[in-house]
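A.B. asks: What follows is the residue order along each chain.
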Amino acid sequence: MSADSSQSPPDTAQVPDRRPLIAFTWLWVGAPLAYGLYELVRKATQLFTG
Amino acid sequence: MSPPVAPPGWSRWLVPPAALSVHLSIGQAYAWSVFKPPLESALGLSGTQSALPFQLGIVMLGLSAAFGGTLVERHGPRWAMTVALVCFSSGFLLSALGAAVEQYWLIVLGYGFVGGIGLGIGYISPVSTLIKWFPDRPGMATGIAIMGFGGGALIASPWSAQMLKSFGTDSSGIALAFLVHGLTYAVFMLLGVLLVRVPRPRERADGRPAPLEGVQVSARAAMRTPQFWLLWIVLCMNVTAGIGILEKAAPMIRDFFADTSTPVSTTAAAGFVALLSAANMAGRIGWSSTSDLIGRKNIYRVYLGVGALMYALIALFGDSSKPLFVLCALVVLSFYGGGFSTAPAYLKDLFGTYQVGAIHGRLLTAWSLAGVLGPLIVNWIADHQEEAGRHGSALYGTSFLIMIGLLVVGFAANELIRPVHARHHEPATTVPAQHAQKEGNDVSRQQPESA
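Protein chains in written order, with the numbering used here: chain R, 1 to 50; chain A, 1001 to 1451.
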């Protein structure tokens, strides 16, 4: 996530800090995915215990 | 709607969540089976009838991806994601109405036809944009999005089941569940619509957009190249081989070990299916990212060559070792997922970024055929073997040989892929650039390596 390649090139000196937005958006998609993975792992363990 | 151009300082790491919000939603399609038993009992449907909305949805996915790709390229990702949001959500809302008034045809029209258009347009909506933002890592970028399509079912399956448990499985409970799905997915996908941006166009000294560097081929021209159809064969063979296991995973593992001292219970077989889903998802991000390092042609050599070897191991020794059977099946399924997610990057290497989304949409027709071919082969052969009095692993031996043959055909097709002839290239003046930094260097670096 280096600054030179991960951002559209700024043409003004002051650009807003995008980090809070990045964190929010990844949380938005990450939370339901984590729920799905948790349920998956719960089910997958049945292969060894069922 | 003109494509939304990123403001100065916009981070490209905001684009994958936008893509994921769409793919995690439309991936719900693979959890449709949760609704089948309640629909059958509430509306008096047969199993074939209750599967129809899903099947029509997948057909519409292929058709709208194939025919809508050019529109997606023209209008940009925000337009495409908006269409996907409206179609996918209103599909659920129409289905809710259908369930409430007990009109089955409304569910077919809503979820299958209208929602299916949302699936196809949504599937291809972020591909081109992601590749443009991540010219240095196109495999990883598209892998993240297409992994989301696999992840969508993981989320929807327990979520929908829980909702039906709470609302009830009569027609009003199903209607309420459809309604909540439609509204929730609309809100969830809205993030993608609001967030997605295309990179700012690079400009020449005179202020006009600079042309794209490297090979650029239009979707129409790509269809006339052998490379497109060879890659179509590669994808079709790889998907057919993966679906061959996925389709009958639970009965297959039970049959394989039915006559051994360690038979597999129904519960354990369900765990095996879940594990395969995990491998499918992991393959989408893992193998696609690996392709950025070793090249697209090499990764498909692995998918097809090692995939054939895995099938051979299952056929020869699968019934003597449960760990070996499980391991080989997991590897095959990871290659199945990887094949899907690496395809857009392979297309980018061959045809450039100019209309890669549209070309990808057309390539997905290979998926439609494979979706029919894979289950057909395995089920038809297993049924005939059973009629002939065979049982256990003998039900699948012939299917596995056919799958090995298909993978070898795919391997040969991949070997025949060469760089696209210059007569198919677009003139530099017709393709304005809309790229992140370092684009030209990476295109020229990837082309000889992968094509």
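It should be emphasised that the hints constitute simulated quantities derived from the structure, not laboratory data.
Cβ coordinates follow ideal geometry from the N, Cα and C atoms, glycine included.
Take these hints with a grain of salt, some might be off.
Stated by the list, open to error - Here chain R is said to cover these stretches of chain A; the calculated rule only asks that three of the stretch's residues, wherever they fall, bring their Cβ under 8 Å from a Cβ of chain R: (1) 1002-1012; (2) 1069-1077; (3) 1274-1280.
A.B. asks: Now, for every hint given, state plainly whether the structure supports it.
C.D. replies: Status of the hints after comparison with the structure:
1. 1002-1012: Check passed, 7 qualifying residues.
2. 1069-1077: violated (count 0)
3. 1274-1280: Check passed, 4 qualifying residues.
In this structure, only the earlier hint numbered 2 is contradicted, and the remaining ones agree with it.
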